[in-house]
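With the hints as constraints, model all of the structure from the sequences given.
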Amino acid sequence: MSHRNPFALALLLALAAAVAFGCATGTPPPAPAAAQAEAAFEPFHSLVDAAFVKQHIQMPMAEDVMIIDSRPRRPKYEEGHIPMAVSLPDSQFAKLAGQLPANKDALLVFYCGGLACPLSHKSARKAEALGYTNVKVFAEGMPGWLKVKGNYASVSVEWLQKQLQADTGLVVVDSRPRRTQYDKGHIPGALSIPDSEFAQLASALPADKAAALVFYCGGLKCPLSHKSAEKAMALGYTNVMVFADGYPAWTAHTQEAAGAPMKAGKAEGTIDTDNFVQMVTEAPERLYLVDVRDSEEFARGSFKSAVNIPVEQLEAKMGSLPQDRPVVFVCNTGARSGESFYMVQDLKPGMKNVYYLDAEVTYRKDGTFEIKKPTS
Amino acid sequence: MFRKTMTTAITLLLVLTFVGIGAAMEEGNKRKGKYTYRKVYKSCFDQGGCASETPPLGPNAKTQAEWEKIFGARDFAAFGCSQEWAQLSDEDVKDIFAYLHAHASDSPTPLSCK
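Residue numbers (numbering that gives the first Met the number 0), protein chains in the order written: chain A, 0 to 375; chain B, 0 to 113.
FYI, nobody ran anything at the bench for these hints, they're computed from the structure. Heads up, the beta-carbon is just placed ideally off N, CA and C, and yes, glycines get one too. Hints are supplied without guarantee of correctness; some may be wrong.
Estimated spans, in silico, between C-beta atoms of each pair [to be verified]:
no.: 1; chain 1: A; residue 1: K220; chain 2: B; residue 2: S42; range: 41 to 49 Å
no.: 2; chain 1: B; residue 1: F44; chain 2: A; residue 2: A233; range: 50 to 58 Å
no.: 3; chain 1: B; residue 1: T108; chain 2: A; residue 2: G366; range: 20 to 28 Å
no.: 4; chain 1: A; residue 1: E295; chain 2: B; residue 2: F44; range: 22 to 30 Å
Shown next, in the form of structure tokens:
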């Protein structure tokens, strides 16, 4: 464990500069930024460095340790924070203090935007005033964290969704096992590179080592995305992030965003076409989309979030269909998807949350599509 | 004269009968019919009653009028697997007709048994 006081160091440097330059010329030189910052507020009495912070990060976090981001949640925390840190903006400290651990002896490490940022120091004092006895400030904050080789940022679900909607070229990687997790649902467009197969499948990552990569897995208790992120950095990738809240947070967020429940179509078992288009565009994770066409047809293009189970194989694979969200069968006319719906009705009558798309669908290789209501 | 009138009447009766059958059968569920139709042959194949799980006649094997005639007469001999066909309910038969009729060779969307 190492404790440093960067403010004392900055003050010494400023004094040295004043002696070396100001005294010689007779006019005071401009003070370094850190010194200016120091003059603006009194630093907290107990400071720690990035190594100390890293030492206390684990998945899941220990109950008696909390790393706290004191910056405004939007956009700072959302676009990048220390992995496993919680957002508790200093401006909302009183309102959100209930999120702090019940144990007053728990280790609390506050950080914000670097040496010039007073927010973590202010929050640390507020925490002590509440009776917390083991409070620290990581004064170098987020910039200092990212300067350390091998460190990466975690991103929030809001930021990730915006990036995907804006099609910024971000590469999302699902580190969970493929068959039991990824195939049952994943973030649209995510690559499946299970952490256990990283070495064999890493060639699926972009050749450009500066490409932005975001790894995720099953939430805050899951270490797989963090392990894969470290492996990617070891391969030379320089813009690596982790979406630590993972797939559970993605599903919850997109379901909330989707708002209205699913709307059934007029014919038995069908989903309303307009409702389907809206959901598959805005919140595809609300649905478990099964493309029941042949694998050759699927390979030529399908919905980005669809899995392929050709209708001939559906009976054998029926046990893999999830029960926690609606299953929607799709093909290109409604014939095979309808057949699939009735197969489930016949062979697994207890499964109620099943639909099919009765429409003519044209799929394109890039995942875009065109839907027309059926003519017959 | 009498003979000509009788012939016209019988023809008219037959036409109306087939139109009526067609209209009644159209009420079936073609999506469900496709599943039921294929299920007949899967079951038949499992019992050793036929050589393939694939139905011997696809919808486009007949015209709509030919399907109407077959189902109007309930003559399912050409389909084989008579035991399975005998166990189908009226609703199942209606559904299968709706599927075959909707995708007959002269329909807007002819289909093989894919």
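Tested hints:
One distance hint, 41 to 49 Å for the beta-carbon pair K220/A and S42/B, holds here, with the actual separation near 47 Å. Here the CB-CB span from F44/B to A233/A is close to 54 Å, well matched to the stated 50 to 58 Å. A C-beta distance of roughly 26 Å is found between T108/B and G366/A, which places it inside the suggested range of 20 to 28 Å. With their beta carbons about 25 Å apart, E295/A and F44/B fall inside the hinted range of 22 to 30 Å.
This entry satisfies every hint, going by the numbered hints stated previously.
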